[in-house]
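Peer 1: Based on the provided sequences and hints, a complete structural model is requested.
FYI, in my numbering the residues of the sequence shown are 300 to 414.
Treat the hints loosely; a few may be bogus.
Result set (PhoX-like, lysine-lysine): computed pairs, CA atoms no more than 25 Å apart in a straight line [unchecked claim]:
#1 Lys315 - Lys345
#2 Lys331 - Lys345
#3 Lys399 - Lys315
#4 Lys331 - Lys399
#5 Lys399 - Lys345
#6 Lys331 - Lys315
It should be emphasised that the hints constitute simulated quantities derived from the structure, not laboratory data.
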Amino acid sequence: MLAREPIIPGIDRPFKTSIVFSLEEGPGMLFKALAVFALRDINLTKIESRPQRKKLARAYDYGSIGNPKFFDYLFYVDFEASMASQNAQNALRHLEEFAKFLRVLGSYPMDIGQA
300 MLAREPIIPG IDRPFKTSIV FSLEEGPGML FKALAVFALR DINLTKIESR PQRKKLARAY
360 DYGSIGNPKF FDYLFYVDFE ASMASQNAQN ALRHLEEFAK FLRVLGSYPM DIGQA
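Peer 2: Here is the structure:
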């Protein structure tokens, strides 16, 4: 949904929220990021990673032979919770503690089709 003014979603029906974030490079960083949702029993419905545009590949230690180059990545995640939910707010507050970048793209009612 697009709107001129932000619409605060309710908790009266199932909602989905979309976010994008980036992390510092390091062991277990993606695990930590996804754990903020698992610790609060929030179901993830989509996880995508994309290299950030306009970022050159950086190399690990040039002294080590065979180590690959890497890009900074953006992670796109959809999860089943409304931004009005305290669990979702707490998860994003926790993620914000170590994410380099975090933005909520939107929160919208889920389409629960009729059988």
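Peer 1: Each of the hints needs a verdict: does it hold here or not?
Peer 2: Consistency of the hints with the structure:
With a C-alpha separation of about 10 Å, the suggested pair Lys315 and Lys345 falls inside the 25 Å cut-off, and the hint holds. A C-alpha spacing of about 17 Å is found between Lys331 and Lys345, which places the hinted pair at or below 25 Å, so the restraint holds. Restraint check for Lys399 and Lys315: satisfied, since their Cα atoms lie roughly 23 Å apart, inside the 25 Å limit. For the proposed pair Lys331 and Lys399, the alpha carbon gap of about 13 Å is at most 25 Å, so the pair holds.
For the hint pairing Lys399 with Lys345, the CA-to-CA distance comes to about 20 Å; that is within 25 Å, so the pair holds. A hinted pair counts as satisfied when its Cα atoms are at most 25 Å apart, and Lys331 with Lys315 qualifies at roughly 21 Å.
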